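Between the sequences and the hints, there should be enough to build the whole structure, so can you do that?
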Amino acid sequence: MSRRLTNLLLLAFLTGAFLTGWTAFGIGTGWVRLPLVFHAVLGFAVVALIPWKSVIVRHGLKVNTGQAATSLALLLLVVVTIASGLLFSTAGVRSYGPLTAMQVHVGGGTLALILTLVHARQRPVRPRAIDLERRSLLRAGAVLGAAGAAYVGVSGATTLLRLPGRDSRPTGSYERGSGDPAAMPVTSWLNDGTPSIAVEDWQLRVGGSTYDRDAIAAFEDEITTILDCTGGWYSEQIWSGARLDRLIGDRAGRSIRIRSATGYERRFPIAEASSLLLATHVGGEPLSAGHGAPARLVAPGRRGFWWVKWVNEIVVDDRSWWLQPPFPLT
Numbered sequence: 047m048s049r050r051l052t053n054l055l056l057l058a059f060l061t062g063a064f065l066t067g068w069t070a071f072g073i074g075t076g077w078v079r080l081p082l083v084f085h086a087v088l089g090f091a092v093v094a095l096i097p098w099k100s101v102i103v104r105h106g107l108k109v110n111t112g113q114a115a116t117s118l119a120l121l122l123l124v125v126v127t128i129a130s131g132l133l134f135s136t137a138g139v140r141s142y143g144p145l146t147a148m149q150v151h152v153g154g155g156t157l158a159l160i161l162t163l164v165h166a167r168q169r170p171v172r173p174r175a176i177d178l179e180r181r182s183l184l185r186a187g188a189v190l191g192a193a194g195a196a197y198v199g200v201s202g203a204t205t206l207l208r209l210p211g212r213d214s215r216p217t218g219s220y221e222r223g224s225g226d227p228a229a230m231p232v233t234s235w236l237n238d239g240t241p242s243i244a245v246e247d248w249q250l251r252v253g254g255s256t257y258d259r260d261a262i263a264a265f266e267d268e269i270t271t272i273l274d275c276t277g278g279w280y281s282e283q284i285w286s287g288a289r290l291d292r293l294i295g296d297r298a299g300r301s302i303r304i305r306s307a308t309g310y311e312r313r314f315p316i317a318e319a320s321s322l323l324l325a326t327h328v329g330g331e332p333l334s335a336g337h338g339a340p341a342r343l344v345a346p347g348r349r350g351f352w353w354v355k356w357v358n359e360i361v362v363d364d365r366s367w368w369l370q371p372p373f374p375l376t
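Note that the sequence shown ends on residue 376 in this note's numbering; no numbers are left out.
What the hints contain is simulated information worked out from the structure, not anything from laboratory work. The structure displayed is predicted, hence computed values, not measured ones. Among the hints, a few may not be true.
To be verified - Label pairs and their calculated CB-CB ranges:
id	residue 1	residue 2	range
1	E331	G295	27 to 33 Å
2	D226	E179	56 to 62 Å
3	R104	Y142	24 to 30 Å
Even glycine gets a Cβ: it sits at the ideal position worked out from N, Cα and C.
Structural data, given as structure tokens:
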């Protein structure tokens, strides 16, 4: 395969893997399997290009050590990203020292894409009509076909050999601490640290109304649902507190903004108010600080970053719920 086609396909496959990975990251429903399949196939397609890319790197080391160093770093990042993802999804390898497998996989993939773009800027390869010739398309199709076969083979082997990956959810997450809140991991999004909140002084603001924790707990609404964290784990618990439709009453608007004491916030369609719960207890016990005390949002069917912790304000307004970043920026 030519250097030109190798680099174009590598850029296309890495970009596709990045986009499908983040799409799967944000979806908590069953059809998340679709982008995950595309993500895995594109990952195997990148692996299939490694022999050709290795030849390019070796040649580059003899000609231009600066640009070759970028290529070599890219190659190493691709190997780390693919290996961490494969070991997580099949063998259930969940951490590397202080880093989770997802942090290694997502971080490595993001850096790999950045380096690919830097490399493309150093040595621009613009698409041409020749890239759509039958021979080029057949080679690209052959790579994707081999990648698809590899995905089917690895998935089949995971099931046949009863590897840990066969028991993961469609999102790829593994079970942790279901029915035992104390065993449920404590995680936060990016730099969102655990604040120090005195429960006896805490109040929830909903428009002109305020509630303390006991008032919310008195509603005694309860739901059993799964918290599926983007860190690669899930936990099914019994959550209790107050449904949001009971807290907002007849307030009119298009969306509900849930704000944390840390400034973290997420918006939801007002139509989902009856399915959202502001929880004060989990498993019959008050929430711990790490799990969002005095109150956290429970959002069934959504990934963990939607489950706002340390909630201190609920606002109903006319802004559309989707007018927000797909992922929190802090």
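Quick rundown of the hints versus the structure:
Between E331 and G295 the beta carbon distance is about 29 Å. The supplied range of 27 to 33 Å therefore holds. In this structure the hint that D226 and E179 lie 56 to 62 Å apart at CB holds, the actual value being about 59 Å. The hinted range of 24 to 30 Å is satisfied by R104 and Y142, whose Cβ atoms lie roughly 28 Å apart.
Checked against the numbered hints given earlier, the structure satisfies every one of them.
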